[in-house]
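Student: One letter stands for each residue in the lines below.
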Amino acid sequence: MTFLTRLDDGSLKEGAAPTFALSQRGRAGLEILGAIQTFSSGTLRPMAAANFEENPQGRMLGEDHASATPAFSERERIAKARTVCEGDAIYRLERFFQRYVAEENFNRGIPAIEERRAEFLAYDAAMAQGSDAAPEAGSLTLAEDLAIPAWFAPIEWHLEPGGWDGYDLYGALFAFGVGPYVFSKGGYAAVGIGDDIVGQRLKTIRQFPKDSYARIYEPGCGGVSTLKAVHSVFPEAELHGADLSPLLLKNGARMAARFGFPVHLKQADCATDTGEADASFDGVITYALHHELPPKANRALFAELFRIMKPGADIVISDPPPFRAVSMFHAVILDWDTLHREEPFFSPVLHESLDAMLEEAGFEAVESYAIGQDQYPWITRARKPESTAVEAQA
Amino acid sequence: MNTPKTDTGPDYLGPESVTDVARMVMALMSEVWIQRDRQIVTEYLLETQGAVTRQEIDDFVPTGDLAERIAAERQRFANLVAGAPIAATQRSVSQILERAGMDVPTARATGT
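Listed in order, the protein sequences are those of chains X and R.
Oh and the first sequence: position 20 is 20 in our numbering, straight run, nothing missing.
Oh and the second sequence: position 47 is 47 in our numbering, straight run, nothing missing.
Hints are computed from structural coordinates only; laboratory data are not their basis.
Values in this document were obtained by computation on a predicted structure and should not be read as measured data.
Warning: the hint list may mix true and false statements.
[To be verified] Selected chain R positions facing chain X (Cβ under 10 Å, derived; list incomplete): (1) Asp11; (2) Tyr12; (3) Met29; (4) Glu31; (5) Thr53; (6) Phe60; (7) Arg76; (8) Gln90; (9) Val104.
Beta carbons: idealized from backbone N, C-alpha and C, even for Gly.
With the rest of the complex left out, here is chain R (with noise of 0.2 Å):
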């Protein structure tokens, strides 16, 4: 394989490659939020019952407060994940606040 030279190192991989990347790391987004997901529930198993084994964890399906409570903070976390690339011209107070899953204040608290 003839392999091109960057001013970093050769380039393995060709500019062509960058949606296989963004596959890639969608994949760990998703492998990420599995953990996370399994964090909450395995911290509220543990406050409700003091002790929790593997299959409960595995068999959990979250309802009602909880499962709202996780939408919440999987829909900031994938905001934040797959809005990486807007978060660089999107710097307002509001957009950075919404971004996060934030109330916005009022417009004097935000300077706008």
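In isolation and in its complexed conformation, chain X is listed as follows (with noise of 0.2 Å):
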């Protein structure tokens, strides 16, 4: 889940609203944030993974790591392959400056929004008036006695004070400072350096088989940077999003106005109850969001996914890729994330097979592969067969 990164793409009007942007202060401390992240990310690490793999520990591992029979678990594999990192200066450094982004992308990024609050509001509002969408195209729903799970509400995802609820202005931040200054370079998390994260979505949507899809459903869909994608590709579908989280909702619905594209949002724990009927959708899409769920919701959440979900439709999943997919340092890379960007279930569902729980929940033709460099995205798509089961029996 994401609030949208970047809106000066080619689908605003020109001239339509007046245009925003932070101060000089704010734009330079979060733009050199992005330089040190490009260092960190592009001139360190490959050091740092030069230095792992002549480490005779390192390459022992790494080897491990490979084998179709390792001698380790995949837990220990990453515990050893980690102390070899930890003794290496360059890999502490790495690390440091990407826990000092991270860091900073709030530190910086909330004071630089909040020093253009009256502008922005000013700017939404604009934005607002000159909109495409008719009101009655799209629809949002919130439900303030949603029982939020346990796992979800205490979590300051990627080091977000508060949450993603914890600031209204969130949504700007990510739109007009930390999206285009820092996120936009790549290197962080599993993003690759230089990684195109809007392009990403786009050859995600792609890898629907099907050349028409007539309503398509989301998962935490956050603020609608993915619906928009799929937008993009699929124009004729009807496009549905839900979330726990009503801030991003309430952003999301404002931006798919604004974009002139029709969507409807609802607040839900998707894992328990969509609140949707019986096969009802051509398409699920998730992008970015099993690795922010503990593996038994994601179980949950795909039993619910395949019930809403018609005979012979398709699922499409983008997440970080699973250890095994990767070599033993960049194991290390991702694993990282777990303790120092609060990622609590990164690392419990990078060690499980997202398409395993699909089988589980019956669905069919499961494949996985990377779509781009270190792995990620790593897509994973399948089909709920034309007949289940239970109907086959009845």
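Please dock the two separately framed chains into a single complex, following the hints provided.
Tutor: So, in structure tokens, the structure goes:
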């Protein structure tokens, strides 16, 4: 889940509204974080990877990791490899910069957007007046009495103070600050250096096997970044999304209206009840969602998605790659996020197999593969059978 | 507080504070860059407009060639400051030039 991270794209009508930007101080303070991140992941990380490969213990663990019959369990290997990495000053420096940038995205970003609050609200109001979508075209349904899962409530995802709903201008912060000035450089978490995170979404949507879809659903849709990409690939599709965060959904509804595509958003705990009818969707997309759920909740989510999908419907998933799919060194890099970028379920999920979870839920034609550097985005896709075992017996 | 003594005086922070000191250095780095960026913007506005107000500097967003020039200068600045620890050992002519954001000349010129 995420807020929309880039607004300055071609789908905004030129001259439709006054422009908005951070102050020189706000902009430059975030831009230098992007440069630090670029140096960290582009220069230091390859050096640390080379040092790991040159270390006899590192080389042995790498071979074990690639072996079909490894001597150590995955968790044992990663723990041992982490020890090797932490003995290298370059690795420690690279990780320090990663943590520093992740902290400063908010330490610098919140004051940067707050000092422009009045200007942003004026900009937002002007944009709302000029949006193309008719008010009745989309919908937003919030559930004030929704029981928020215990695993979700206390987490400050990615070191975001107060969590997704912790600050009313987080949407603006990501769209006008952290998104264009830091995230756009790549080189954080599973995102490779120089990766285009907007392009990665479009590439993911193109993994749907059919040419057209009537109704597509996204659990954990956040600020509609992914649904926006879905709309550009399948403009005919009726779009539905759900999330636990009311702030993300409110932002998403505003963004969808601004970009002129209708979307139906609902606050829901998708792992327990989407509130959608049986067999009502032709496609399901999830993007960067499953590593933010405990494995048990992922299994429940897949069962619920199976229920609301029509027979023959497709599901496409993009998430960080499982540890088994990356090098030993990169597994240590990904594992680090769990404790250091407030991603408590990152490693538990990367040790698991989404493929196996989908098969347990009843899906068929399950396959997984990478479509980018360092095995990211990692795509997992599957299909709901035309007839389920229960229907066949009936 | 029982402050340990070192050869150069009391050790107030202790060795475990090296990360805190690094955070202070990084914060200072950001503040220096913000001033450097402001200087470039101010020089540009003076060159192109002849006069400039504080508000114009605050609101200015670089685009085109200027944005590219600032981005290159910013990356060079980050490489030099954040890369200071590796500059102690990564000392070939080409490595030094690359850190400085400069083109590496022919093998003959660098003696490699």
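Student: Evaluate each hint against the coordinates.
Tutor: Checked hints:
A cut of 10 Å between beta carbons decides the hint on Asp11 (chain R): the least distance to chain X is about 21 Å, and the hint is violated. Of the supplied interface hints, the one on Tyr12 (chain R) is violated, with its beta-carbon coming no nearer than about 22 Å to a beta-carbon of chain X, more than 10 Å. Below 10 Å, beta-carbon pairs count as interface contacts, and Met29 (chain R) has one with chain X at about 7 Å; its hint therefore holds. For Glu31 (chain R), the interface hint holds, since its Cβ comes within 10 Å of a Cβ in chain X; the closest pair sits about 8 Å apart.
Against a cut-off of 10 Å between C-beta atoms, the interface hint on Thr53 (chain R) is violated, since the closest Cβ of chain X lies about 12 Å away. The beta carbon of Phe60 (chain R) comes within 6 Å of a beta carbon in chain X, closer than 10 Å, and the hint placing it at the interface holds. Because the smallest distance between the Cβ of Arg76 (chain R) and any Cβ of chain X comes to about 9 Å, under 10 Å, the interface hint for this residue holds. A hinted interface residue such as Gln90 (chain R) counts as satisfied when its beta carbon comes closer than 10 Å to some beta carbon of chain X; here the least separation is about 8 Å, so the hint holds.
With a cut of 10 Å, the hint placing Val104 (chain R) at the interface with chain X is violated, because the nearest CB-to-CB distance is about 15 Å.
When each numbered hint is compared with the structure, violations occur for hints 1, 2, 5 and 9.
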